[in-house]
Amino acid sequence: MARSVAAIEALAADPVSAEALDGDVYQLDLLRAKAAFAAAQAANIGRQTLCINLQPMTLVMIPRTVEQLLADIETNRLVPEQVVIEFTESEIIPHMEAFTDAIRQLKSAGIKLAIDDFGAGFAGLQLLAQFQPERLKINWELIRDIHKSGPRQAIILAIIRCCASLEIAVSATGIEQPEEWMWLEAAGISHFQGNLFAKPCVGGSFRIAWPERKAEQ
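For the sequence shown, my numbering assigns the number 208 to the initial residue and increments by one for each residue that follows.
Since the hints were made in silico from the structure, they are not lab data. Treat the hints with care, since some could be wrong.
[Claimed, not checked] The calculated DSSO-like cross-link candidates involving lysine-lysine, where the alpha carbons are at most 30 Å apart (straight line), are:
hint : residue 1 : residue 2
1    : K314      : K241
2    : K319      : K406
3    : K406      : K241
[Stated by the list, open to error] Beta-carbon label-pair distances, calculated as ranges:
hint : residue 1 : residue 2 : range
4    : L373      : Q312      : 19 to 25 Å
5    : P358      : V286      : 38 to 44 Å
6    : A316      : Q337      : 15 to 21 Å
No experiment lies behind these values; they were computed from the predicted model shown. Backbone N, C-alpha and C define an ideal beta-carbon position, used for all residues, glycine too.
Based on the provided sequences and hints, a complete structural model is requested.
Spelled out as structure tokens, the structure:
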């Protein structure tokens with residue numbers, strides 16, 4: 208299988224404190240996205256796919272969020288088609304109509320969508336049922352020692368089958384062992400993220416390591 212970098216995930220430190228925003232976590236979330244776009248531009252990523260994280264309710268609680276995101280993308284000389292917004296499943300979405308309307312706007316603009324850390328929270332199935340993301344990223348806790356755990360293997364295989372029927376690509380995150388990567392690849396996953404391949408870095412000067420496939424025992 209060919210090896211290449213499919214995307215870069217930008218994680219920005221809080222540009223201001225939550226206290227400075229009177230505890231408005233959603234405004235802070237939007238500022239993190241703005242900082243992530245700026246960091247990507249500073250790292251000169253060109254047209255490489257860029258993934259950023261966003262809480263689902265930020266789209267609902269902050270007026271004109273989609274317009275702000277698109278403006279920040281343009282300001283930093285990026286294009287919507289290279290951006291993937293990853294939604295966490297850490298909160299229930301009470302205003303689903305407003306959320307799905309914002310999702311339609313993002314998709315119409317060319318932005319791709321993903322569910323991040325699937326399996327870590329309690330809203331993942333709700334998100335999966337309400338909108339069809341292009342990608343689903345499995346939480347690292349389900350990935351850890353997957354080659355040793357029958358129950359986790361059954362869960363991962365069920366997720367893969369579900370996503371295949373919905374035409375959603377699957378990524379595995381938090382991979383640290385070659386054995387984890389080998390099992391997941393054999394199961395049908397082709398996109399991976401974790402310290403086995405590249406560790407988090409500052410300033411975009413990341414180093415990629417391609418693990419060697421171990422001989423089966």
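TODO: May I ask which of the numbered hints given earlier this structure violates, with the numbers listed in increasing order?
DONE: none
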